[in-house]
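Put together the whole structure using the sequences plus the hints.
Residue numbers (this note's numbering), protein chains in the order written: chain A, 914 to 1260; chain B, 914 to 1260; chain C, 914 to 1260; chain D, 914 to 1260.
These are computed hints drawn from the structure, not numbers from a lab.
Note: identical chains are not told apart, hence a pair may lie in one copy or across any two.
Calculated cross-link-like contacts (lysine-lysine; reagent style DSSO-like; alpha-carbon spacing at most 30 Å):
id, residue 1, residue 2
1, Lys1150, Lys944
2, Lys943, Lys1239
3, Lys1103, Lys1062
4, Lys1039, Lys1062
5, Lys915, Lys943
6, Lys1018, Lys915
7, Lys1003, Lys915
8, Lys1224, Lys1239
9, Lys924, Lys1039
10, Lys944, Lys1239
11, Lys1174, Lys944
12, Lys1006, Lys918
13, Lys1018, Lys1003
14, Lys943, Lys1243
15, Lys1224, Lys1062
16, Lys1255, Lys1092
17, Lys944, Lys1039
18, Lys1039, Lys918
19, Lys915, Lys1006
Protein chains: 4
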Amino acid sequence: MKVEKIVLNEKRNVTLTAYTQSTEEFRHIKKRPAILILPGGGYQMCSDKEADPVAFPYLQAGYQAFILRYSVGVDSVWPNPLDDYDQAIKCMKERAEEWHVLTDKIVVIGFSAGGHLAACAATMSKYRPYAAILGYPVIEGDCASIYQKTAPDVIAAVDENTCPCFVFATRTDNVVSIKNTIHFLDALEKNDILFESHIYSHGAHGFSICNSSVEVDPEEFCNRVPHWVADSMEWLKDIMGDFGNNEFLNPRFFPYINGNKEDVLNIDCTLAYLFSDSEAMKILDPILKQGENQQKQAANVDEKFMLQTMKLMTLRHMLSVISMPKNVIKQLDEQLRKIPNKRMKKG
Amino acid sequence: MKVEKIVLNEKRNVTLTAYTQSTEEFRHIKKRPAILILPGGGYQMCSDKEADPVAFPYLQAGYQAFILRYSVGVDSVWPNPLDDYDQAIKCMKERAEEWHVLTDKIVVIGFSAGGHLAACAATMSKYRPYAAILGYPVIEGDCASIYQKTAPDVIAAVDENTCPCFVFATRTDNVVSIKNTIHFLDALEKNDILFESHIYSHGAHGFSICNSSVEVDPEEFCNRVPHWVADSMEWLKDIMGDFGNNEFLNPRFFPYINGNKEDVLNIDCTLAYLFSDSEAMKILDPILKQGENQQKQAANVDEKFMLQTMKLMTLRHMLSVISMPKNVIKQLDEQLRKIPNKRMKKG
Amino acid sequence: MKVEKIVLNEKRNVTLTAYTQSTEEFRHIKKRPAILILPGGGYQMCSDKEADPVAFPYLQAGYQAFILRYSVGVDSVWPNPLDDYDQAIKCMKERAEEWHVLTDKIVVIGFSAGGHLAACAATMSKYRPYAAILGYPVIEGDCASIYQKTAPDVIAAVDENTCPCFVFATRTDNVVSIKNTIHFLDALEKNDILFESHIYSHGAHGFSICNSSVEVDPEEFCNRVPHWVADSMEWLKDIMGDFGNNEFLNPRFFPYINGNKEDVLNIDCTLAYLFSDSEAMKILDPILKQGENQQKQAANVDEKFMLQTMKLMTLRHMLSVISMPKNVIKQLDEQLRKIPNKRMKKG
Amino acid sequence: MKVEKIVLNEKRNVTLTAYTQSTEEFRHIKKRPAILILPGGGYQMCSDKEADPVAFPYLQAGYQAFILRYSVGVDSVWPNPLDDYDQAIKCMKERAEEWHVLTDKIVVIGFSAGGHLAACAATMSKYRPYAAILGYPVIEGDCASIYQKTAPDVIAAVDENTCPCFVFATRTDNVVSIKNTIHFLDALEKNDILFESHIYSHGAHGFSICNSSVEVDPEEFCNRVPHWVADSMEWLKDIMGDFGNNEFLNPRFFPYINGNKEDVLNIDCTLAYLFSDSEAMKILDPILKQGENQQKQAANVDEKFMLQTMKLMTLRHMLSVISMPKNVIKQLDEQLRKIPNKRMKKG
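Rendered as structure tokens:
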């Protein structure tokens, strides 16, 4: 592994530290996904405890890891920190060949005030990350302004182009209220953005990877807290893919809440979405009727329920509920994928 | 283990199934905590897949397990299901000696519509559980009324007497929107109630313990989903205690978000709470001054930050931040515990 | 779940307790694998702590669970306990329809002296289990005879028909020496039997599932000890299969150390085994030559190494080492599977 | 983190790569334990896949990590590789201040042929490690000589001064037979050395940390294999200690199988060991009598059993079996610890 420290902005003391792994002895791994780490520190400092210790598990998973020490103190007046972020990603993309980086698989992770910056990257940046991981983040304007008066409210910026987010925090955090996380999840839900979230019961603010190496007192944290590390990496595999035997594999799941955001129609679209497409209906009409009837009979449900169901339920899920054979499901998907998704709203 | 099925209400077909473990060969375990399981089924049925499979892990952890098959269909008009719950708990308390149940350690778990009922138990019941575990719960009035027109909105019922809650669900649930969970957490936060929450990225509604034994298709769920089982049991140990060598041990953590709800003052009270008690201030004044100064200098923080900090931060956390030796912390706690908590609002 | 207690031998006080799960609400799960539990107790008793607490996790995984309280005390003179085992299995097979048991998927688990009995079942019984799980087992004759003078040495009985074994124990067990486990593994290895083994560093004898519900003191055990429970169930899935969407799925892996014990030749046979079959050689000659050369060049290895390699290495592994495409591997397997395995020695 | 590459032997191309973490921002962590990594490669090469990917999890746990690329090919004639090891440790000790290394907490880990070298370090080196972790190691002379004709047999070298060992491998390893591991455990047992061992059912040789980042095919490995990483680190905490709030904490457990190897007598000594010390007997006589009687009655055991028991059972375990209160146990330990252990044989 090589270590390199690049000065991005000498005046504001902004640096990018690159930990990059070689690919020489590897048969198939020629390029790697990358993670950009934004340590916390109340926009007054960048904490070492949320830098290297966070890089190691991602390096172990095969990532290239980068630590951005962004503008703090008087230099953290907005939009300096976000500009630092964009500059860091730009640098990573420009040197992607040399650093063996998959430029379409760059993820950002931030903690506390760094979590605020990561959430801004997810919603307002020029170079959007594939996904964002936010640890006990500062989100709301009134909380952000405590640390940096000019820092923006993130809630207001969440829209349909926000990237998927993994958010973790502790309920008893007594520095940054858990309200920040809850209201952020609410905004993601309202905008149909995919997320995963873990709010652990007990533990104070600023626990980083929550092991003895970052000097947290294990007596003050419930045992689940350190799980976010492995869980976040598994989640990234789920939505971004993983190293395979010959190539970087496709992910198991969409980075969306359903198939409505794909380029073509598919069986992971919601029923309501497919219903309003006449071409899709030609294919689906007989099957949907069958499913509807079975469901109605089975659950003795009323019209209101059926409308609710159609709005949210995907075709795949309905077919699974009525025990449709897997090969029929596959066939249907292939047929649907020939129809362009005209209403697609992807960023 | 013995199995017993009690008919609680013959007309409405309400039954309580008791799985109770003996205590004969055990040296210290004479009584056990209990879990009351409320299966889901849209208030139209009580699903077997959310009954026995849920009982087993709790039996393994040493609990006595009870399954309530509550009023469904036309019988589920409100408040029948909640009455069933109260009747079940009453029965468990009355037969506690015979069933070796610790009557102050009864927990409720519910799924989907059963999660709605469990949330009602946590907020509106006569016999409150020690804690409630809610799986992909129906919470909001508009959602509840789809399944049972008369079912109440839970959000409105959350208050300072609501018990601690463990809530899990999947983001992509397309039957009961994740909104239900998010808005419930928001209500818990507003009322200072302790909780833990896990929202897993991918997976459909109704997964129960999410293993192959309940016929879920593992391809449709991200791997973290089954973690709720072990995590919920660990959480219960954290806040309710565990079997020890000679007795049932005290929990590691309060079932509250801080010490403000204890009978006496203590170092887990918030700074603001202690500040407004003149007796406490006599003890704390010199120490708090020291902490304040260190914090101010360290983080170069302003007045607004300090006020925010004092409102949320506990004395223990502040003392930990300023590296106060553990024996001094212990001494302080003992001194504070001599002062009654006059403003205590515990239910 | 139903509980039933059958008296297998009134005089010797031998009973079989059956915990059987219904299959009514299930779409595909009509029959289930079964586990027969043999508690320990030095052939003087059958401990309750190694009975119900062991049944629960297997019930949770979808098994039917049976507890055999075999002959103890003066009645444990050999071969009484082994006869009890055979009678129990016979009973389970006879009532398989009623109890929804897959008769070819019956597993035995035993602890301490019950582990001795389970090892006897694996090596000497009339009705062999599919697999055996042995917890801190008594194995060697000199150890077994401490508890029951007439109890046989298991080492001597291990042969090529012994079933796959999962063996766990603690290094510091000061009642049954870890020698028993090590020498058993050695015998399994000598007879080419598949096994998995976990020897945890610290912990006393008799820990059962090693959680607080069986009154073990967690301070005396290293944290890995309870892992045997989940690990053993995962291992059973690996070699015996699992519930799928429509049927009980085939296992991921053979219950053998390679493919030499299958009815037909296949790519999981060892190179040496295939080399000595003229029909196989017609198919493999060109490919093997290629692999050999690559390996020789790559590792600069000598003749002795190559001979060693061929004896142990499977064709699949060699093809993987030389990066053979997966479709070619699949084709080869299909071709080989047309050739009967004339030397097959399966029990 | 800093990276430094030191040439230990230019002629033989031996290098030591040091990944060292700073201690600046840390309040209490001033020095760190260290791990020395010995990659595998049949004494023909040092594989990159068993180098950096192994360093990362130990760095994450707070260790300083060092990779030794030892003599290979013609240079691997004995004792060159072992000399390289000793030179590496010497270098780490000499620069311990600069590298923030706790010189009495240096651990070695090796894979395959590197596992052979690590086992030699554990048994034959000048600078013994605190503990050794061996992955699918080459151990026996006949196996070692395949790779390097002059490489010694490790079995013969195991004695009472061998350090504690953590050994993992797969049953179906078809390059280095599992015999190597089993016979090594047997030798450790014979010499009363502490160990932990995990032999996973299915998987080929050379899997390193067994995740997608080292290009192993997950389909060929059972899911437990990657557990060795976390398990080995937990084991090291158990026997070597961990970072605490103010200092490096004492371990939970001895690095021995009982207390007989401590400088003073203690309650973790075996009964037989204490019985043969007249000073200890003055303290213990009344208590031991009580325990003996209870045990005899309880289990209806004979003389042979009691003698066996006394030889292996520790005083602590016996006191726990007879439910002795914890404060009495503590008192006894204090009393015993005043008596020097005259027969102590520690290396």
